[in-house]
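Student: These are the residues of each chain, in order.
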Amino acid sequence: MNEILISLLLVVGSFFMLVAGLGMMRMPDIFLRMSCSTKAATIGVGTLLFALALYFASLGVATRALATIGFIFLTAPVGAHRIGRIAYLVGVVLWDGTIKDELKGVYPADACLPFGQECLIPDMDAPEVKPDLDIEKR
Amino acid sequence: MILQTTIYFIVFPLLSLTLVLGFIRLLLGPTLPDRIIAFELIAITSAAIIVVSAIETDQAVLLDVASAWAVISFLSVIAFSFYIEKWRGRP
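Top line first, the protein sequences correspond to chains A and B. Just so you know, we're using the working numbering here: the first sequence kicks off at 1 and counts up by one. Just so you know, we're using the working numbering here: the second sequence kicks off at 1 and counts up by one.
Hint data in this document are derived by calculation from the structure and do not stem from the laboratory. Some clues are possibly wrong.
Below, simulated DSS-like cross-link-like pairs (lysine-lysine); rule was C-alpha separation at most 30 Å, straight line [to be verified]:
no. : chain 1 : residue 1 : chain 2 : residue 2
1   : B       : K86       : A       : K100
2   : A       : K104      : A       : K39
3   : B       : K86       : A       : K39
4   : B       : K86       : A       : K104
5   : A       : K39       : A       : K100
So that you can see chain B by itself, here it is in the shape it has in the complex:
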């Protein structure tokens, strides 16, 4: 009971606020690397929301989704940095 109340009234609002802040930085970010780190924060926060959803719905399968999500976000960040390194110096 206390677990459900904590999740609904504290944990999900805080994580949603983190998503909103990351999205504001994604919109405002003056340079391209700013947007990439905002994207990384959004991806990690989404993994955290999946983990909390696994506790809330009592489904242990969602942990696999969260770990695969973390792997994919790391690979996307590496791919972004790789292609910016290629793109640097082109007019």
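So here's chain A without its partners, still in its complex pose:
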């Protein structure tokens, strides 16, 4: 009975990981991709760790597994927020179907440099662009 429950949890967790991979593959925009991968992968790893805590059924292992679940639940949104902010500042082109862009006009126009779809590698022969790296001042 216990084995069946653990197997079910493992299958559910790996299915959520597969959903994360499919969303990473199929979504049209970096922000949608990031939302998919972060949420689904967090739930998937949490379910797998819960299955591990049930399998070993000892206090030390369960405590460590729950601590790891808490750590992943805390840090995944932080990393996603950092990368989303960087993607917006770098000038990634949004999806055509985007309805609302709350950050439009918040940053000055020269904050979003054209490192978008085409110009990924910076041109080494380009003239000197005055760097303004002080983000917090804006």
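For chain A, the structure is supplied; the task is to place chain B on it using the hints.
Tutor: Here is chain B on its own, set in the frame of chain A:
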């Protein structure tokens, strides 16, 4: 018995497929942040594979490896975003 069968025939193939999809996005990804989130997905999937390996081989020590792996992947993502923020605006 059913646990081993489930792990070998369902769980490991699904996680491997997730790794392949993340690696395809890492190769295709049109911009640099796409590649970073693909890398993050690959790191989290590797942690999941380590956790499932801990169940499969009955070694509780591998849980520590998985938690340290999660910490290192989070720090690498933060470092990537920090240095891209520094690099932004350079010609």
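Student: Now tell me if each hint is right for this structure.
Tutor: Results of checking the hints against the structure:
no.	hint	verdict
1	B:K86 with A:K100	holds, 28 Å
2	A:K104 with A:K39	holds, 25 Å
3	B:K86 with A:K39	holds, 28 Å
4	B:K86 with A:K104	holds, 22 Å
5	A:K39 with A:K100	holds, 21 Å
Taken one by one, the earlier hints all hold for this structure without exception.
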